[in-house]
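Chains P and H, in that order, are what the protein sequence lines are.
For the first sequence, counting from 1, position 70 maps to 101 in our numbering; every step adds exactly one.
For the second sequence, counting from 1, position 28 maps to 59 in our numbering; every step adds exactly one.
In case anyone wonders, no lab produced these hints; they're calculated from the structure.
Be a bit skeptical, because a hint or two may be false.
What the hints assert, rightly or not - The calculated SDA-like cross-link candidates involving lysine to any residue, where the alpha carbons are at most 25 Å apart (straight line), are:
1. H:Lys42 - H:Gln113
2. H:Lys76 - P:Cys97
3. P:Lys76 - H:Thr50
4. P:Lys42 - H:Ala126
5. H:Lys59 - H:Val82
6. H:Lys59 - H:Ile109
7. P:Lys76 - H:Met32
8. H:Lys59 - P:Ala124
9. H:Lys76 - H:Thr50
10. P:Lys76 - H:Cys66
11. P:Lys76 - H:Lys42
12. P:Lys59 - P:Gly47
13. H:Lys76 - P:Val35
14. P:Lys59 - P:His101
15. P:Lys59 - H:Thr50
16. H:Lys76 - P:Arg98
17. H:Lys76 - P:Gly47
18. H:Lys59 - H:Pro107
19. H:Lys42 - P:Asp123
20. H:Lys76 - P:Lys59
21. H:Lys42 - H:Ala95
22. P:Lys59 - H:Asp123
23. P:Lys76 - P:Ser99
24. P:Lys76 - H:Lys59
25. P:Lys42 - P:Ile120
26. H:Lys76 - P:Phe40
27. H:Lys76 - P:Lys42
28. P:Lys76 - H:Ala78
29. H:Lys76 - H:Cys97
30. H:Lys76 - P:Ala78
31. H:Lys42 - H:Arg90
32. P:Lys42 - P:Thr118
33. P:Lys76 - H:Gly117
34. H:Lys42 - H:Pro107
35. P:Lys76 - H:Ala124
36. P:Lys76 - H:Arg104
37. P:Lys76 - H:Phe119
38. H:Lys76 - H:Arg98
Number of protein chains: 2
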Amino acid sequence: MLKVIAEDFIKPDRIGIVTPLYAELVEKTRQEPLCIAYDLFVDQKDAGHFVFIEEWPDRAALDAHCRSEHFRRLVPLINRHQRREGTFILMDAFAS
Amino acid sequence: MLKVIAEDFIKPDRIGIVTPLYAELVEKTRQEPLCIAYDLFVDQKDAGHFVFIEEWPDRAALDAHCRSEHFRRLVPLINRHQRREGTFILMDAFAS
Chain P
32 MLKVIAEDFI
42 KPDRIGIVTP
52 LYAELVEKTR
62 QEPLCIAYDL
72 FVDQKDAGHF
82 VFIEEWPDRA
92 ALDAHCRSEH
102 FRRLVPLINR
112 HQRREGTFIL
122 MDAFAS
Chain H
32 MLKVIAEDFI
42 KPDRIGIVTP
52 LYAELVEKTR
62 QEPLCIAYDL
72 FVDQKDAGHF
82 VFIEEWPDRA
92 ALDAHCRSEH
102 FRRLVPLINR
112 HQRREGTFIL
122 MDAFAS
């Protein structure tokens, strides 16, 4: 299991432009056969701070997602409206 | 619904000390009646970077968690071993 947090920082006046792009990205990604979870959230203190919480079976599944038609088409369109570069963290479940 | 990401940054030589404290915090928090999800992950690139992904019905439930005996006892014990202050984000679900 691979958990991912991916954060985007969008210019405040561009939120209306990216919203349908994010909606399509979520819808299409959830249709990927290897997608376990792909949920998008918005920071309560910053409406341009978008946070994906994702779950994939493994790194190969994430890499396939990043090669998908919808990812390669939509992510560059979203990134035109960034105010700074996004971040991501790949994580394993905590094991005590 | 309230989604929370809380990140802790622990000194590398203290990971063994905080691990049982995190394990108890997760176990006790999941027993709280209002806890929907409370999952802990570790950054694949930084074994001292611990990331909670939480879900609560509302802010009052999160506040009650922060007032719980286990939170008030364990979090200060964990924080003794921080290398820098933790961060948190409170989020709403994305609505297209």
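Hints and how they fare:
1. H:Lys42 - H:Gln113: With Cα atoms ~6 Å apart, Lys42 (chain H) and Gln113 (chain H) stay inside 25 Å; holds.
2. H:Lys76 - P:Cys97: holds (20 Å)
3. P:Lys76 - H:Thr50: Cα-Cα ~31 Å, so violated.
4. P:Lys42 - H:Ala126: holds (18 Å)
5. H:Lys59 - H:Val82: This hinted pair holds, its Cα atoms lying about 17 Å apart.
6. H:Lys59 - H:Ile109: holds (15 Å)
7. P:Lys76 - H:Met32: Cα-Cα ~16 Å, so holds.
8. H:Lys59 - P:Ala124: holds (18 Å)
9. H:Lys76 - H:Thr50: holds (17 Å)
10. P:Lys76 - H:Cys66: holds (22 Å)
11. P:Lys76 - H:Lys42: violated (29 Å)
12. P:Lys59 - P:Gly47: holds (19 Å)
13. H:Lys76 - P:Val35: Holds, at about 12 Å.
14. P:Lys59 - P:His101: At roughly 7 Å apart (the allowed maximum being 25 Å), His101 (chain P) and Lys59 (chain P) satisfy the hint.
15. P:Lys59 - H:Thr50: violated (38 Å)
16. H:Lys76 - P:Arg98: Given pair Lys76 (chain H), Arg98 (chain P) holds - Cα atoms ~23 Å apart, limit 25 Å.
17. H:Lys76 - P:Gly47: violated (34 Å)
18. H:Lys59 - H:Pro107: holds (16 Å)
19. H:Lys42 - P:Asp123: holds (18 Å)
20. H:Lys76 - P:Lys59: Not satisfied, since the Cα-Cα distance of roughly 29 Å exceeds 25 Å.
21. H:Lys42 - H:Ala95: violated (29 Å)
22. P:Lys59 - H:Asp123: holds (21 Å)
23. P:Lys76 - P:Ser99: It is violated: about 32 Å lies between the C-alpha atoms, which goes past 25 Å.
24. P:Lys76 - H:Lys59: violated (29 Å)
25. P:Lys42 - P:Ile120: Distance ~22 Å between Lys42 (chain P) and Ile120 (chain P) Cα, so the pair holds.
26. H:Lys76 - P:Phe40: Judged against 25 Å, a Cα distance of about 22 Å means the pair holds.
27. H:Lys76 - P:Lys42: Not satisfied, since the Cα-Cα distance of roughly 29 Å exceeds 25 Å.
28. P:Lys76 - H:Ala78: violated (28 Å)
29. H:Lys76 - H:Cys97: violated (29 Å)
30. H:Lys76 - P:Ala78: The given pair, whose Cα atoms are some 28 Å apart, is violated under the 25 Å limit.
31. H:Lys42 - H:Arg90: violated (30 Å)
32. P:Lys42 - P:Thr118: Distance of about 16 Å is within 25 Å: holds.
33. P:Lys76 - H:Gly117: holds (17 Å)
34. H:Lys42 - H:Pro107: Holds - the C-alpha atoms of Pro107 (chain H) and Lys42 (chain H) are around 15 Å apart, at most 25 Å.
35. P:Lys76 - H:Ala124: holds (13 Å)
36. P:Lys76 - H:Arg104: violated (28 Å)
37. P:Lys76 - H:Phe119: holds (11 Å)
38. H:Lys76 - H:Arg98: violated (32 Å)
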